Structures are given as C-alpha cells and as structure tokens.
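Peer 1: These are the residues of each chain, in order.
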Amino acid sequence: MTMAASTLRRRSLRLERVDSVATDATVRHIDQLDSETLGAVYRAVSGGRPVTTAETDLEPGEVIVFTDYYRVERV
Amino acid sequence: MTQYVIIGDGISGSSAAETLREEDPDAKITVITDEGEPLYNRILIKEHAKGKLPEAPISIHDEDWYAERDIELSLNTYVTSVDTDAKVVNTHESGEIPYDKLLVATGGTPTQLPVENSDADGVHHFWTFEDARGIREHAENADKGVIVGAGLLGIDFAAVCGAQGIEADYLMRGDRWWRYALSADGAEIMHEGMREVGVEPVFDSGVDHFETDDDGHVTAAVDPNGDRYECDFVGAAIGLTFNTEFLRGAGIEQDNGIVVDEYMRTNVDDVYAAGDLTQFYDVLLGERGQNGSWGSAKEQGRVAAVNMAADEEAEGFQWVSSYSITHFDFPFLSFGHPTLGDEHAERKYSDTEWRRIAFKDGKIVGGVLIGDLSPQSKFKQLMREQRVVADQADVLLEQSVDLDELAPPQEQ
Ligand SMILES: Cc1cc2nc3c(=O)[nH]c(=O)nc-3n(C[C@H](O)[C@H](O)[C@H](O)COP(=O)(O)OP(=O)(O)OC[C@H]3O[C@@H](n4cnc5c(N)ncnc54)[C@H](O)[C@@H]3O)c2cc1C
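So the sequence lines, in the order shown, correspond to chains A and B.
Be aware that the first sequence starts at -9, since it is given in our numbering, and climbs by one per residue.
Be aware that the second sequence starts at 8, since it is given in our numbering, and climbs by one per residue.
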C-alpha cells in the first residue's frame, strides 16, 4: 500500500501558472492535447486537482497555453 | 523505390512526411514549401504577436529533423502547376519534380477585403510566422485599432490589440460575434471578454473602405453606414482562400477545397490531399465536412500517409476536431461542426458559462462550450458513438453531465 501510494505521488503532476516563458521551453497550445489530457488540464486549472502522468501525455517542464500559461511540474 | 512528393510543410504535410518515413523506410520523400522556414507552430504565432511568447518555442522542426529522416526539404519553393498525366510537379525554383504519389497539403491564404485601400500599410492579415512578426512589431507602436471578421481568426486580432494596449473597435456584420455558431446569450459572454481587454464590438457594421495618409498608411475605416473609425492598425480576417490555383487543369475535383474520400484520396489516381483545404467525407457526419483546426490537419496528414504507403484503403479518417479560444479569463471550446445541424439545444449557466449542442438526425455533430469545458470529452464520445440523443437534450444540458442518465442506446 505504502509503495503504491508513493509511486502514485511520484507520478503526480501539477500545473503552475507562469508569467513568462524561457526561450528553450517546450510550449504546447491546449488544442494540441488529446481530449483526455485536455480534460485533465481543465480539471487541474479549474479545480486545482493534481494530474497523473498515466492519464495524460503531459511532460514535466513543458508549458501549456490555456487561459494562462501553465508549467507542468512534478509534485 | 516509391517517390512521394508532399506540397506544403504545415502540420498536415509534415505529419504525412513523418508517417511516410515510418511506413516506408526506403522511399524517397520530398517536402516542398514556399515558406522560408520549416514547420512551426501556427497556433502559437498569435501568442508571439501578443508579445507574450518568444520566437524559439514556436519552431517545431529545424532542417536537421528532415535530414535525419532522409526527407528532402525544399524551402522557398513555390509549386506552379501539377501534371497528373506525366506525374510531375513544376516549381519556380527547382524545376520539375517527378512523383509516384502526391499529397497536396497547401492550406489557405487569408482572403483580402474587397474594398478600397485594403492593401494599405497597417492593414494586416494573419497566417504565417512572418505575418505574426510584422503584426507584433506594428502592434507595439500602434494606438488605435480596427478589427474586421467576426470569427475564430478575427478574435485573435482582438486579443493582440488587448495584449498590446491598442484600443480597438471590432466591426461586425450582424448583431453578434460568430453568429453561425452562437446565440445572443453565448456571444454576449464573448463580447464582454472583448470589452474587458479594451476592444469594443460594433454591430451591423463592417468596412466599406479604408482611408490612408499621403504615405499610404491606414488612418481610418469607414463602415457601410458611413461611420468613421480612426485607426493606425487594422486586423482583417474575413476567411480563407484555399491554395489550389496551381492545380488548374490537373483534373482534381474541387468544391471550395479539394474533394477527398475518408482515405484522403482525390478523384485522380495517386493524388491525395490533407489539412485545411480538404472537403473530406466525414463518416461521423454522413456527408462532406471541412475542418480548420490543427489536430484535424495533423491527423489527416497521418491518415493520408498511411493510405499512400499501403496503396489501399488501410485507414479511414474519423475525428472530432476541437478549437479553443484562450485569450480571456474563461475558456472557450468549439468541437465538431458547431455551425451545422438541424436541431440545437443551449443553456446559459452564469455570466461566463454557456453551452450549445448541435444535432443532426438526433446525433451530436458539434457544439460550443464557454466557461465550463467539463462535458467536452463526453460529448465527443457520444459523437464518435453516433448515439441518438437529441430527445434527451436535458441530460446533456445539466451542469454536470452524467452519461449514465441517458437511456441505453437503441439498435439503429
Ligand atoms: C493565427 C491563427 C490562429 C489559429 N489558431 C488555431 C487554434 O487555436 N486552434 C486550432 O486548432 N487551429 C488554429 N488555427 C488553424 C490551424 O493553424 C490550421 O488549421 C492548420 O495549421 C492547418 O494546417 P495545414 O497543414 O492544413 O495548412 P497550413 O498550415 O496552411 O500549411 C500549408 C503550407 O503550404 C504552403 N503552400 C501553399 N501553397 C503553396 C505552393 N503553391 N507551393 C509551395 N507551398 C505552398 C504554405 O505556405 C504553408 O506553409 C489557427 C490559424 C491561424 C493562422
């Protein structure tokens, strides 16, 4: 149980709002995401819910352009 | 060894090239583009024009990407004609290029307003990275703007004006923005979004002509009512003209775009088309459809390539496209074909939340979500399943949609 929980936590991502983007950042627009990933981003942004890597194709470090810019961070 | 030629290095052409290399490792693949740079992210150039995103993250491929895959890339090369009997593509810069199989993925060009002085200095159209650079540079120094074209691309100009501190009038024909997909309730949310960034929607308007100064720079737009709107910056987005003039005489069926089946084949042997410019057979709609979105263009390029390499009907295109507007505090998403359908259901939930669903023969064919995107994947699922649900629109208009509340699907 403890193992599973910690594995899950390691795979959790959150979206951090950012004001600017570094020139070497990877940036994707919300319309480049599949509908499951889009749904997960929307839930994370509107409800503050963490996202798991399993349900999305988000990459830690990349920036998603939605109603603001959000950097994908490992929790 | 099969020789594939792809005209256009936008997302559809580029995704086709990548897929062809995976499917046919020994083939000769040539990608021709009249642009001076390889594939970039067309849906992010507006963020550059807004002054928010630097150039580098917008680039997707560099020239090495093509070299590593042994794909020949011809930049700055304009295709002038195609001889489908001799199977050659004629170009301005590189002469004749023979093909065994050809993909036309040339997208469109913004239509110029058919009014006096629409080519004046300061009147912008928006399609390429070069356009975005020019718009950004000008917008940073402009004070007063006019926007024309009440659709998905026009609103990007409104966002540029908002982000760059340009006070602007958005001149629209009719009584609202995107009147083909939104009712007054939905459109009013968008109008409020515009006003909040300093862009004033003006209804029952449009442009009759532009005025210029002695240097040819735009100074005002005059609408058909005779009202004059001073401006030093204009964004015009009234539609796209598809880039097919080089196909004159090639015998390829066109109807406001290139007609293809669900395998992306044209009526001419060994000629395929993909991306914005296709009039494709939409298996979900049961008739011809046209999409103008990134995800759809990418998938059409991939599907075309799979069928080109297999030389048979290996995979049909089946896709629910979606298109977002991210410029305001609230999200906006249109999906499928929101302007089509024979029946509609809609509801307003709050000052920033509204939903509309379009049905054809009882099945969802598209819709628009403003403010609350939570049901998007459920609606797309119902579209893919082609469920008859129009008679249960109340369930779909609940704030929180539970598909289990729908009656089980009937045998159809
Ligand atoms: C400002 C803007 C914002 C957008 N926002 C969104 C969005 O938020 N979400 C979304 O899903 N979609 C958006 N889109 C639409 C999306 O970008 C397009 O649907 C998609 O890029 C189409 O790709 P394509 O490959 O079909 O065509 P294109 O990207 O237009 O590529 C066609 C290429 O062919 C080249 N070409 C044309 N004629 C010739 C010729 N004779 N010889 C050689 N080359 C030629 C062109 O120069 C071009 O490079 C936006 C578009 C723009 C312009």
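Hints were generated in silico from the structure; no laboratory data involved.
Incorrect hints may appear among the rest.
Unchecked claim - One-sided and incomplete, this derived list gives chain B residues near chain A with beta-carbon spacing under 10 Å:
#	residue
1	Leu51
2	Ile65
3	His68
4	Glu70
5	Trp72
6	Tyr187
7	Ala191
8	Ser300
9	Trp301
10	Lys305
11	His334
12	Phe337
Unchecked claim - Partial list, computed: chain B residues near chain A (C-beta under 7 Å):
#	residue
13	Ile50
14	Pro64
15	Gly172
16	Gly223
17	Ser331
18	Thr333
19	Pro338
20	Ser384
21	Lys387
22	Leu413
As the list claims (entries may be wrong) - Computed spacing ranges between beta-carbons, pair by pair:
#	chain 1	residue 1	chain 2	residue 2	range
23	A	Pro50	B	Leu410	42 to 48 Å
24	A	Arg64	B	Asn232	52 to 58 Å
25	B	Ser66	A	Glu26	41 to 47 Å
Just so we're clear, the structure is a prediction, and the values are computed from it rather than from any experiment.
For every residue, glycine included, the Cβ atom is placed at its ideal position computed from N, Cα and C.
Peer 1: Of the hints given before, which are not true for this structure?
Peer 2: Hints 3, 4, 5, 6, 7, 15, 16, 22, 23 and 25 not satisfied by this model.
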